[in-house]
Amino acid sequence: MANDYDIRDNVPLIRLENIGMVYRIGDIAYEVLKGINLTIENGEFVSIMGASGSGKSTLMNILGCLDKPTSGSYFLEGKDVAGLTSDELAEIRNKKIGFVFQGFNLIQRLSIIENVMLPLYYSGLHSKNSEEMAMEALKLVDLSEKGNKFPNQISGGEQQRVAIARAVVNNAPIIMADEPTGNLDSVRGADVMNFFGKINAERGATIILVTHDRHIAGYGRRLVTVKDGMIISSDVINI
Amino acid sequence: MNNNKENKVKFAFLLDLESAYKTLLRNKIRSFLTILGIIIGVGSVIATVSIGQGASRAIQNSINSMGSNLLIILPGSSSLGGIHSGFGVLPTLTLSDVYAIRKLPAVKTDSGMLGMAQQVIWRGNNWSTLINGANSSFTVIRAWSVVKGTFFTPQQVASAANVAVIGNTAATELFGLINPIGRIILIHNVPFTVIGLLSVKGFNAFGQDQDDTVVIPITTMLEKIAGTTWVHAIAVSAKSNKDTVTAESEITALLRQRHHIPLHKPDDFFVRNLTELAATANSSANTFTILLASIAAVSLLVGGIGIMNIMLVSVTERTKEIGIRMAIGAKKSDILKQFLIESSVLSLFGGILGIGLGFGISSAISAFSPLKTIVTTEPIIISLVFSLCVGIFFGFYPAYKASRMNPVEALRYE
Ligand SMILES: Nc1ncnc2c1ncn2[C@@H]1O[C@H](COP(=O)(O)OP(=O)(O)OP(=O)(O)O)[C@@H](O)[C@H]1O
Ligand SMILES: [Mg+2]
Chain A
19 MANDYDIRDN VPLIRLENIG MVYRIGDIAY EVLKGINLTI ENGEFVSIMG ASGSGKSTLM
79 NILGCLDKPT SGSYFLEGKD VAGLTSDELA EIRNKKIGFV FQGFNLIQRL SIIENVMLPL
139 YYSGLHSKNS EEMAMEALKL VDLSEKGNKF PNQISGGEQQ RVAIARAVVN NAPIIMADEP
199 TGNLDSVRGA DVMNFFGKIN AERGATIILV THDRHIAGYG RRLVTVKDGM IISSDVINI
Chain B
177 MNNNKENKVK FAFLLDLESA YKTLLRNKIR SFLTILGIII GVGSVIATVS IGQGASRAIQ
237 NSINSMGSNL LIILPGSSSL GGIHSGFGVL PTLTLSDVYA IRKLPAVKTD SGMLGMAQQV
297 IWRGNNWSTL INGANSSFTV IRAWSVVKGT FFTPQQVASA ANVAVIGNTA ATELFGLINP
357 IGRIILIHNV PFTVIGLLSV KGFNAFGQDQ DDTVVIPITT MLEKIAGTTW VHAIAVSAKS
417 NKDTVTAESE ITALLRQRHH IPLHKPDDFF VRNLTELAAT ANSSANTFTI LLASIAAVSL
477 LVGGIGIMNI MLVSVTERTK EIGIRMAIGA KKSDILKQFL IESSVLSLFG GILGIGLGFG
537 ISSAISAFSP LKTIVTTEPI IISLVFSLCV GIFFGFYPAY KASRMNPVEA LRYE
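If you read the protein sequences in the order shown, they are chains A and B. Heads up: the first sequence at position 236 corresponds to 254 in the numbering used here, and the numbers run straight through without jumps. Heads up: the second sequence at position 315 corresponds to 491 in the numbering used here, and the numbers run straight through without jumps.
Calculated from the structure, these hints are not laboratory results. Treat the hints loosely; a few may be bogus.
EDC-like, lysine to aspartate or glutamate: derived pairs with alpha carbons at most 20 Å apart [claimed, not checked]: (1) B:K507 with A:E154; (2) B:K324 with B:E399; (3) B:K513 with A:E109; (4) A:K113 with B:D510; (5) B:K508 with A:D203; (6) A:K245 with A:E35; (7) B:K513 with A:E106; (8) B:K284 with B:D510; (9) A:K113 with A:E163; (10) B:K507 with A:D105; (11) B:K496 with A:E150; (12) B:K577 with A:E150; (13) B:K508 with A:E106; (14) B:K507 with A:E132; (15) A:K114 with B:D510; (16) A:K164 with A:E154; (17) B:K507 with A:E106; (18) B:K496 with B:E585; (19) B:K508 with A:E109; (20) B:K496 with A:E154; (21) B:K507 with A:D85; (22) B:K496 with A:E35; (23) B:K513 with A:D105; (24) A:K86 with B:D387; (25) B:K415 with B:E399; (26) A:K164 with A:E150; (27) B:K513 with A:E154; (28) B:K198 with A:E132; (29) B:K508 with A:E150; (30) A:K167 with B:D387.
A quick note: this is a predicted structure, and the numbers were derived from the prediction, not measured.
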């Protein structure tokens with residue numbers, strides 16, 4: 019199974035071809051994404067910007083295999099994911115993709131370390147060393163002391179760092195973050211962004227970031243701008 | 177490697193259990209109210225079955241205490257339902273009937289009996305008790321032993337000797353702590369020597385104290401006390417349990433012939449098969465138990481619906497959590513499993529508490545009523561399995577609903 023997704027030299031990590039997404043509410047169809055073409059190479063740090071309602075989250079959900087486009091093709095590591103079942107998509111999300119959401123999305127009932135261990139549990143890798151792996155991930159975000167606390171006992175910035183630890187615990191090659199700093203002040207936001215930079219630089223993980231904030235987008239190395247469901251520009255960011 | 181994987185699966189299952197347990201503990205009161213139906217259902221199943229088993233044991237014991245493979249032949253037609261006037265004996269059975277029955281192949285031994293209430297006097301004490309005229313085979317038929325002295329012999333019956341064997345209650349009333357053996361008592365102003373003391377037998381199925389009796393030879397009874405040749409009853413012990421039915425038909429044929437009853441006329445006696453009576457009593461006790469237990473089982477089903485209701489609420493409340501779990505890689509089956517384990521733990525826990533409740537009710541009944549209830553393992557295992565099935569069955573729909581959620585929509589839920 020794992021071999022199916024092996025990264026081949028000449029194949030981009032992500033290739034979207036003419037992706038369209040149409041929501042139907044009653045008789046009215048809303049075309050949220052209109053012919054998106056996007057290629058992301060392994061190890062990139064891409065920031066996606068755009069006005070509210072432009073379709074960034076919708077695009078992100080498709081990239082993250084949480085949702086399926088209504089038209090077009092999505093090749094992940096060269097493999098078309100259109101025909102996959104929901105369980106196969108779940109496996110891709112588990113092994114290949116780590117999510118960080120605006121609202122942190124930790125499970126309140128579970129301790130910090132249990133939250134971080136959860137992806138390992140679903141990958142069937144759960145064993146004694148999963149606790150070690152989770153500790154290692156927590157160390158990466160400087161939270162190794164807080165493993166036994168619960169989400170409501172730590173600050174928002176810390177919760178978001180736990181979410182980052184959870185996203186990287188499985189060594190997922192792709193990290194997707196939708197407005198990860200949206201609920202944080204600029205200091206905590208910068209803090210969180212530094213960890214994304216670190217993961218990108220040290221682990222070579224591909225980071226795809228959605229944000230409103232030009233400054234936050236500047237942490238990436240490529241800026242993709244979305245407007246009305248279309249990509250209007252894709253530029254290298256000059257620091 | 178394989179072993180390692182197995183360990184992981186086991187480990188994961190324990191984690192699921194632990195997580196389900198924690199989730200349920202977070203909402204203690206709600207969890208408790210949810211399983212109340214199961215607790216009551218299982219509790220009443222255990223209690224009713226223990227009552228039923230206790231009752232049928234009691235019936236069995238009291239029937240056994242009357243004697244083994246016992247047939248009782250009573251005078252009068254069965255159409256009268258065997259109701260006796262109490263003022264004397266219907267004149268149809270005689271001592272010679274007793275001797276004829278003794279020779280039948282399916283009959284092991286027999287005893288003619290004539291029972292009568294009489295005053296018994298010893299020195300200043302007098303006591304009204306049941307005087308039983310019987311044959312020497314009395315102890316065998318009634319499965320009743322003599323603890324002190326001896327029972328009377330066939331010779332003593334043949335010679336209509338004035339000897340008596342005394343029951344424990346009558347002995348206590350007349351003699352107190354004094355040894356009754358060798359004492360002379362007066363029955364109907366006739367002197368009798370007490371030669372034996374019967375063992376304690378207790379109450380029979382009709383609530384009579386079987387130990388309140390004095391047994392004397394049937395011949396002496398007929399000649400000197402009753403002044404009649406008619407016997408009150410003939411007790412017969414069949415050779416075996418199976419032979420009771422054969423003995424019944426042999427006796428009927430024999431007595432019809434001896435009493436010269438024409439074909440079209442009914443019997444002037446009737447035969448009671450106590451083994452059959454026991455079986456009937458037992459099976460009606462069982463029917464009653466099954467009926468009560470199935471009514472109790474209905475409350476288990478109602479309890480199951482309660483579980484389904486709460487699990488549906490729980491799934492809705494935790495939509496966001498389901499979305500998070502799906503986003504990080506939970507498959508449909510993982511979500512299904514999570515909620516199924518939760519509902520199963522819930523109902524199994526209810527089952528365990530219910531067994532406790534059932535035990536409580538059952539021992540309270542034992543403590544405060546004459547009935548001794550019996551809790552057997554069977555209903556415990558059945559109720560545990562049943563409550564587990566209820567949890568899985570009624571938990572399935574909510575769990576299925578959870579597993580079918582769309583991750584994007586679930587994540588958006590607040
Ligand atoms: N499930 C849905 N059904 C119908 N319309 C939807 C659905 N999801 C999103 N939309 C619509 O699609 C459009 C794009 O939504 P999306 O969430 O992708 O925007 P966004 O760029 O992420 O905006 P924001 O910056 O505010 O988060 C919006 O107009 C939204 O109303
Ligand atoms: Mg959005």
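Verification of the supplied hints:
For the suggested pair K507 of chain B and E154 of chain A, the alpha carbons sit about 26 Å apart, so the restraint of at most 20 Å is broken. At most 20 Å may separate the alpha-carbon atoms for a hinted pair to count; K324 of chain B and E399 of chain B exceed this at roughly 27 Å. Distance restraint check for K513 of chain B and E109 of chain A: the Cα-Cα separation of roughly 17 Å lies within the 20 Å cut-off, and the hinted pair is therefore satisfied. For the suggested pair K113 of chain A and D510 of chain B, the alpha carbons sit about 16 Å apart, so the restraint of at most 20 Å is met.
At most 20 Å may separate the alpha-carbon atoms for a hinted pair to count; K508 of chain B and D203 of chain A exceed this at roughly 37 Å. Proposed proximity of K245 of chain A and E35 of chain A is supported: the alpha carbons are some 17 Å apart, at most 20 Å. In summary, the hint linking K513 of chain B to E106 of chain A is supported, as the alpha carbons are separated by about 18 Å, within the 20 Å threshold. Our distance criterion of 20 Å between C-alpha atoms is broken by K284 of chain B and D510 of chain B, whose separation comes to about 71 Å.
Distance check on the hinted pair: K113 of chain A and E163 of chain A sit about 26 Å apart at the alpha-carbon level, beyond 20 Å; violated. A distance of roughly 5 Å separates the Cα atoms of K507 of chain B and D105 of chain A; the hinted pair therefore holds under the 20 Å criterion. With a CA separation close to 27 Å, the supplied pair K496 of chain B and E150 of chain A exceeds the 20 Å bound. Among the hinted pairs, K577 of chain B with E150 of chain A is inconsistent with the structure: their alpha-carbon atoms are about 34 Å apart, more than 20 Å.
Our distance criterion of 20 Å between C-alpha atoms is met by K508 of chain B and E106 of chain A, whose separation comes to about 10 Å. Taking the CA atoms of K507 of chain B and E132 of chain A, the gap is near 18 Å; set against the 20 Å cutoff, the hint holds. The hinted pair formed by K114 of chain A and D510 of chain B meets the criterion: a straight-line CA distance of about 18 Å does not exceed 20 Å. For the hint pairing K164 of chain A with E154 of chain A, the CA-to-CA distance comes to about 12 Å; that is within 20 Å, so the pair holds.
Straight-line distance between C-alpha atoms of K507 of chain B and E106 of chain A comes to about 8 Å, which keeps the hinted pair within the 20 Å bound. About 9 Å separates the Cα atoms of K496 of chain B and E585 of chain B, which keeps this hinted pair within 20 Å; it holds. A threshold of 20 Å between alpha carbons decides the hint, and for K508 of chain B with E109 of chain A the separation of about 11 Å falls inside it, so the pair holds. At most 20 Å may separate the alpha-carbon atoms for a hinted pair to count; K496 of chain B and E154 of chain A exceed this at roughly 27 Å.
For the hint pairing K507 of chain B with D85 of chain A, the CA-to-CA distance comes to about 14 Å; that is within 20 Å, so the pair holds. Distance restraint check for K496 of chain B and E35 of chain A: the Cα-Cα separation of roughly 31 Å exceeds the 20 Å cut-off, and the hinted pair is therefore not satisfied. The suggested pairing of K513 of chain B with D105 of chain A holds, with an alpha-carbon distance near 14 Å, which does not exceed 20 Å. For a cut-off of 20 Å, the pair hint linking K86 of chain A to D387 of chain B is broken: about 89 Å separates their Cα positions.
Straight-line distance between C-alpha atoms of K415 of chain B and E399 of chain B comes to about 30 Å, which puts the hinted pair past the 20 Å bound. Of the pairs offered as hints, the one joining K164 of chain A and E150 of chain A holds, with about 14 Å between alpha carbons and a cut-off of 20 Å not exceeded. Straight-line distance between C-alpha atoms of K513 of chain B and E154 of chain A comes to about 29 Å, which puts the hinted pair past the 20 Å bound. The hinted pair formed by K198 of chain B and E132 of chain A meets the criterion: a straight-line CA distance of about 13 Å does not exceed 20 Å.
Taken as a hint, the K508 of chain B and E150 of chain A pair is broken in the structure, with Cα atoms around 27 Å apart against an allowance of 20 Å. For the given pair, K167 of chain A sits about 75 Å from D387 of chain B by alpha-carbon distance, which is inconsistent with the 20 Å threshold.
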